[in-house]
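From first to last, the protein sequence lines stand for chains F and Z.
Take 1 as the starting number for the first sequence in my numbering and just add one per residue.
Take 1 as the starting number for the second sequence in my numbering and just add one per residue.
In case anyone wonders, no lab produced these hints; they're calculated from the structure.
Take these hints with a grain of salt, some might be off.
[To be verified] Quick list of in silico lysine-lysine cross-link-like pairs, BS3-like style, CA-CA up to 25 Å:
1. Z:Lys15 / F:Lys575
2. F:Lys452 / Z:Lys28
3. F:Lys452 / Z:Lys30
4. Z:Lys30 / F:Lys727
5. Z:Lys137 / F:Lys452
6. F:Lys422 / Z:Lys106
7. F:Lys574 / Z:Lys30
8. Z:Lys2 / F:Lys422
9. Z:Lys106 / F:Lys452
10. F:Lys452 / Z:Lys2
11. F:Lys452 / Z:Lys35
12. Z:Lys35 / F:Lys330
13. F:Lys727 / Z:Lys2
14. F:Lys422 / Z:Lys28
15. F:Lys143 / Z:Lys106
16. Z:Lys15 / F:Lys338
17. Z:Lys35 / F:Lys574
18. F:Lys338 / Z:Lys77
19. F:Lys338 / Z:Lys35
20. F:Lys574 / F:Lys6
21. Z:Lys134 / F:Lys422
Since this is a predicted model, take the numbers as computed values, not measurements.
Residues per chain, in single letters:
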Amino acid sequence: MNQINKLKEVDKEFLKDIALSLKEYELIVSLLKRTPSKLELGLFGALWSEHCGYKHTKSLIKTLPTKSKNVLIEAGKENAGAVDIGDGYSIVMKIESHNHPSAVEPKEGAATGVGGIVRDIIAMGAYPIALLNSLRFGPIDKKINQYLLSGVVEGISSYGNCLGIPNIGGEIEFEECYTDNPIVNAMCVGILKDSSPVKAVAQQAGDLLLLVGSKTGRDGIHGASGLASQSLDSDSELRTAVQIANPFLEKKLIEACFEACRLEGVVGMQDLGAAGLTSAAIEVAHKSNLGLSLDISKVPVREMGMSAYEIMLSESQERMILIVKKEYNKNLNDLFSKWDLESRVIGTFIADKKVEIYENNNLVSSTPIKHLVEAPSYKIISKKPQWLKKVQNSKLSNPNIKSSNAKNILKKLLSSSNISSKEYVYQQYDHQVQTNTIISPGEADASVIQIKGTYKGLAFSTDCDSKKCYLDPYIGAMIAVAESCRNISCVGATPLAITDGLNLGNPEKDDVQFQLSETIKGLKDACNKFEIPVISGNASLYNESNNYSIYPTPIIGSVGLINNFNNCVSSSFKKENDLIIAIGNDIFGNHPKYLAGSEFQKIIQNQLSGKPLLDFDFEKKLQKITRELITSGLVNSSHDCSNGGLAVAISECCALGNMGAKINIPINSWEIPLFGENKSTIIFSINPKNLKKVTNICKINSIPLEKIGVVMDKKLIINNIIEIDLKEIHESWSSGFNNL
Amino acid sequence: MKFGIIVFPGTWSDKDCKYAVSDNLGQKSKYIWHKESDLSGIDSIIIPGGFSFGDHLRVGALAQVSPIMNSIRDYVKKGFPVIGICNGFQILCEAGILPGALIRNKNLKFKCKWVNLQISNNNTIFSSETDSKKILKIPVSHGEGNFQVDPKTLNKIENSENVVFRYCDSDGKINSESNPNGSINNIAGIMNNKGNVLGMMPHPERACNSNLGSNDGNLIFQSMINHVNK
């Protein structure tokens with residue numbers, strides 16, 4: 001019986017709840033040629049949300065390079081992208097945001113963020129082998145930010161640790177703009193051996209939709225539309241839009257689904273994430289070029305009396321969809337009952353390309369799929385705001401500080417939350433389970449895991465220097481790609497692919513539109529230059545509250561491959577009397593332009609201005625030579641100069657190796673050469689007998705090389721400017737999270 | 001010899017233990033699902049780490065009522081060697097096979113890091129291959145590894161030399177700085193009176209290959225292998 005309750009009039013409050021404009025509502029009416037029911041409007045709200053429908057980013061994201069000779073599955077085609085790494089292995093990976101849920105309820109918000117990204121990887125038929133995360137908070141000296149940080153870290157830790165997936169890296173920054181808008185991006189990597197990634201498709205009409213995992217509850221309704229696609233107002237109560245995590249159930253799903261997709265009769269898999277069943281089921285049908293008939297009375301629910309609307313839009317966690325043949329195997333039921341998992345057939349694919357929803361044999365919704373999945377695409381105007389021109393053009397001057405302050409400045413930078421050791425965070429994550437971790441978080445610029453039975457190593461990094469993205473979203477995005485790849489190169493691995501987590505403000509505002517289009521343009525140009533494809537990604541917009549927006553924060557997660565992990569090097573100085581060398585451009589450069597967006601500028605000068613720089617052609621060459629030097633076994637340690645510049649990088653090599661260094665460099669003034677950023681520079685320690693070979697390689701490739709010092713006992717001495725005990729370096733560098 | 005590796009839902013060190021004893025030390029091994037009960041042909045049992053049953057109710061509380069545990073009790077009575085690692089240790093305490101309990105780490109946070117272990121007793125079937133002066137480098141990874149026991153039982157454990165490993169610093173000194181979780185007397189691993197059951201919080205299977213940072217964990221498995229092959 002047809003029981004579609006068409007709306008007589010539209011409730012504007014309800015439209016706001018589901019983040020649809022009146023104009024979009026009118027468009028829906030004209031597409032359907034009738035008014036929708038509340039349920040149908042809910043479906044549109046979810047699928048046309050920024051989170052699912054990419055209304056403001058679709059046209060821009062299309063411009064990103066997605067192909068390379070290794071790419072098996074391109075960005076946007078499946079739950080995650082995939083690259084071939086040889087010998088029958090392939091890697092799937094993706095990054096995803098859970099910013100707003102974490103702002104509202106840090107522990108559960110971050111935990112479910114991990115859960116969501118892991119299910120994306122499971123859905124590909126891969127086994128998850130690594131987690132990473134990138135986080136942003138307001139200044140760490142404020143109680144509220146300490147609460148958010150400790151809650152988010154606890155959430156990631158409690159969920160990820162329970163799953164038995166090593167959490168091997170990431171990065172964190174603290175800036176004022178993230179106070180009410182923390183950023184929580186989680187990345188997951190999976191591996192496949194001798195099998196193709198599983199797709200989220202049905203083969204033909206008659207195939208069945210099997211729902212497995214958690215029962216469906218009233219949690220997380222409007223997560224995609226209400227939370228992820230609107231700005232956060234401080235007075236609104238959104239806690240019910242955050243889901244509660246059950247990592248034990250997810251762990252069972254990981255094991256069961258990994259086996260299930262290898263059984264006969266299972267043709268596809270899809271996870272339930274943002275917008276729950278609505279997004280998962282309808283997108284599968286759309287990709288399969290089929291329609292779908294769903295019987296929501298079959299969905300196992302947590303409480304009586306849940307409406308069709310609630311069931312379709314619930315974002316209850318730990319649920320997966322399997323697409324199975326009608327005569328699917330009894331083995332599948334046995335498998336799920338072994339793991340005490342509930343599974344139920346809830347729908348059938350049909351030839352007619354619409355989604356029909358039945359509740360107790362009554363048809364409650366019938367909508368053509370093409371209307372649901374084709375969210376309007378909005379044009380972005382890109383005009384540089386006046387304030388940015390001013391910030392970029394403000395004159396930077398030489399700081400002129402007495403050199404007797406140099407040591408204290410170094411200590412101040414080392415103890416600042418952006419630079420300080422992140423041990424507080426990564427020791428709460430199990431980074432060793434699965435017994436693959438060759439280089440652990442904190443030891444080098446990237447973490448490395450082995451692939452058992454081979455000598456292959458995989459290196460992973462996430463990176464983004466948000467202050468530089470604020471000063472110039474285009475260059476900032478390029479720097480993010482360059483730094484993430486540089487981290488990979490600094491352990492000796494070759495970058496293979498990236499996944500991008502775009503975090504920006506409200507795209508309906510002109511400034512953010514400019515930032516958005518410049519960010520994606522920067523990503524595109526950087527990837528093209530580096531010849532590296534984007535294989536997956538996520539866009540989180542509306543990261544603003546109380547009328548201020550975050551810095552553009554394009555987090556770049558990258559994966560690299562090294563053929564023999566025994567060649568990898570870490571950052572720490574290893575041996576007394578090793579030579580310390582630096583390779584790069586304008587290594588001791590003294591121009592104030594190198595301070596733009598630096599930690600020195602923020603902490604010592606209390607400013608944020610100028611225009612960051614990057615010589616991309618040089619950077620590409622530098623990374624290639626870095627890899628060559630490392631894989632030829634010519635260097636004992638390798639570390640890039642990033643936040644805090646040369647002096648901080650050397651101090652970190654000292655702290656990690658528990659060794660000192662005597663540095664002698666030809667400089668007249670010290671502030672910018674020691675603490676300036678925006679330069680492509682790598683620091684190596686080498687056995688003196690390798691100097692000739694190293695010099696030769698650099699010379700042939702026109703990479704400037706400078707001998708800057710030697711590794712020595714327990715002190716760091718830089719010219720006659722800084723003399724600091726190793727103990728003091730340790731104390732400063734490990735003090736950034738003392739209050740927690 | 002053949003190791004039996006017990007698997008509960010939520011166990012995650014099962015594959016790592018197989019990697020350590022089979023791939024690295026060349027021994028046979030077999031996964032045993034918690035609903036099974038047959039331990040015939042198994043020379044020694046590993047109860048691996050993880051979050052069995054998601055740590056619901058209390059760590060180890062649900063695992064200890066799984067069907068396999070009855071077989072393990074008999075197996076222990078017969079004198080076969082059993083090692084419980086991390087969650088395995090928690091389960092053995094919860095089952096009453098080992099004394100004491102493992103509570104939340106002192107600072108209430110999960111901790112994953114390398115620790116140093118002093119060998120308090122190298123005259124056991126789990127440590128015979130170690131030199132009593134050697135300091136083992138093996139990682140911990142747990143949120144609830146703080147070993148506590150009543151004073152009377154502690155006395156008994158100490159007097160009968162049932163403490164096998166203690167957390168120490170790199171010079172072998174036992175102090176509070178080297179104690180990652182607040183365990184009483186820096187206890188990292190204990191055995192039962194009979195000496196055939198060891199529970200330890202650190203993960204020897206993660207220290208089975210120098211690529212991973214240490215192979216000191218092999219000494220523990222090798223001690224068990226030598227005992228069985230004797």
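Hint check:
1. Z:Lys15 / F:Lys575: 36 Å, violated
2. F:Lys452 / Z:Lys28: 18 Å, holds
3. F:Lys452 / Z:Lys30: Distance ~19 Å between lysine 452 of chain F and lysine 30 of chain Z Cα, so the pair holds.
4. Z:Lys30 / F:Lys727: 49 Å, violated
5. Z:Lys137 / F:Lys452: 22 Å, holds
6. F:Lys422 / Z:Lys106: Roughly 20 Å separates the two Cα atoms, so the pair holds.
7. F:Lys574 / Z:Lys30: 41 Å, violated
8. Z:Lys2 / F:Lys422: 42 Å, violated
9. Z:Lys106 / F:Lys452: Distance of about 35 Å is beyond 25 Å: violated.
10. F:Lys452 / Z:Lys2: Between lysine 452 of chain F and lysine 2 of chain Z the Cα gap is close to 22 Å, so the pair holds against 25 Å.
11. F:Lys452 / Z:Lys35: The given pair, whose Cα atoms are some 30 Å apart, is violated under the 25 Å limit.
12. Z:Lys35 / F:Lys330: Given that 25 Å is the threshold and the Cα spacing comes to 20 Å, the pair holds.
13. F:Lys727 / Z:Lys2: 49 Å, violated
14. F:Lys422 / Z:Lys28: 40 Å, violated
15. F:Lys143 / Z:Lys106: 22 Å, holds
16. Z:Lys15 / F:Lys338: 19 Å, holds
17. Z:Lys35 / F:Lys574: Cα-Cα ~50 Å, so violated.
18. F:Lys338 / Z:Lys77: At roughly 29 Å apart (the allowed maximum being 25 Å), lysine 77 of chain Z and lysine 338 of chain F break the hint.
19. F:Lys338 / Z:Lys35: 9 Å, holds
20. F:Lys574 / F:Lys6: 72 Å, violated
21. Z:Lys134 / F:Lys422: Not satisfied, since the Cα-Cα distance of roughly 31 Å exceeds 25 Å.
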